[in-house]
Amino acid sequence: MSQSLSAVYIHLAYATKYRKPVLSDAFRPDLHAFKAGVLKSTGCNVLIINSVEDHIHLLFRMTKTKSLAYVIEHVKKRSSVWIKQTEDGPGNFSWQTGYGAFSVSASGLDAVTRYISKQKEHHLKMTFKEEMEWLFKKYGHTDYDPDRFWD
Numbered sequence: 001m002s003q004s005l006s007a008v009y010i011h012l013a014y015a016t017k018y019r020k021p022v023l024s025d026a027f028r029p030d031l032h033a034f035k036a037g038v039l040k041s042t043g044c045n046v047l048i049i050n051s052v053e054d055h056i057h058l059l060f061r062m063t064k065t066k067s068l069a070y071v072i073e074h075v076k077k078r079s080s081v082w083i084k085q086t087e088d089g090p091g092n093f094s095w096q097t098g099y100g101a102f103s104v105s106a107s108g109l110d111a112v113t114r115y116i117s118k119q120k121e122h123h124l125k126m127t128f129k130e131e132m133e134w135l136f137k138k139y140g141h142t143d144y145d146p147d148r149f150w151d
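According to the numbering used here, the sequence shown is numbered sequentially starting from 1.
Quick caveat, the hints were computed from the structure, so don't treat them as lab data.
Treat the hints loosely; a few may be bogus.
[Claimed, not checked] When the alpha-carbon atoms are kept at most 25 angstroms apart in a straight line, the in silico DSS-like pairs for lysine-lysine are as follows:
id, residue 1, residue 2
1, 20, 76
2, 137, 125
3, 118, 20
4, 17, 77
5, 64, 84
6, 64, 40
7, 138, 84
8, 125, 40
9, 77, 20
10, 17, 137
11, 129, 77
12, 76, 66
[What the hints assert, rightly or not] Cβ-Cβ distance ranges computed for the label pairs, FRET-style:
id, residue 1, residue 2, range
13, 4, 125, 21 to 31 angstroms
14, 6, 87, 30 to 40 angstroms
15, 94, 2, 41 to 51 angstroms
16, 118, 77, 25 to 35 angstroms
17, 43, 80, 12 to 22 angstroms
C-beta: ideal position from N, C-alpha, C; glycine also.
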């Protein structure tokens, strides 16, 4: 085959440092747009980004030329710097060190997109920690260590 094709979809979620509720409703649309641009610059195609005050979810098609670790590090670092420099952003800002990254089948994209779009509604019923523990079980992450994940 002379052409390389790839369709690997990633559901990525991570929180603000110590899950501080610093991402305001007014600020988040600009944050989402910035993160979409960073992902696009790495070769990833964004399907949806949504967040609440203390964490963010992204669904994107992975690039075939960069590693997942590189893409995640790049989008977290670039957005952290941007947030600190943005007039409306929280000045002393950091993302948590860890993250949850889950592969999504093409047949599951609609369900994950709906799920991410309804973050505000989900978090009337569950905390981010409860949500992540549910996602770890759903996606079969057996190596989750609660003593190391929550910084």
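Here is what the structure says about each hint:
1. 20 - 76: It holds: about 16 angstroms lies between the C-alpha atoms, which stays within 25 angstroms.
2. 137 - 125: Holds, at roughly 18 angstroms.
3. 118 - 20: Judged against 25 angstroms, a Cα distance of about 20 angstroms means the pair holds.
4. 17 - 77: holds, 13 angstroms
5. 64 - 84: Given that 25 angstroms is the threshold and the Cα spacing comes to 30 angstroms, the pair is violated.
6. 64 - 40: holds, 13 angstroms
7. 138 - 84: This hinted pair is violated, its Cα atoms lying about 34 angstroms apart.
8. 125 - 40: Roughly 33 angstroms separates the two Cα atoms, so the pair is violated.
9. 77 - 20: Holds: residue 77 and residue 20 sit about 18 angstroms apart, inside 25 angstroms.
10. 17 - 137: Holds, at roughly 23 angstroms.
11. 129 - 77: Judged against 25 angstroms, a Cα distance of about 22 angstroms means the pair holds.
12. 76 - 66: holds, 15 angstroms
13. 4 - 125: 21 to 31 angstroms: Roughly 42 angstroms apart at Cβ, these two residues miss the hinted range, so it is violated.
14. 6 - 87: 30 to 40 angstroms: holds, 38 angstroms
15. 94 - 2: 41 to 51 angstroms: holds, 44 angstroms
16. 118 - 77: 25 to 35 angstroms: This hint holds: roughly 28 angstroms between Cβ atoms.
17. 43 - 80: 12 to 22 angstroms: holds, 21 angstroms
Hint check: violations occur at hints 5, 7, 8, 13; the rest are consistent with the structure.
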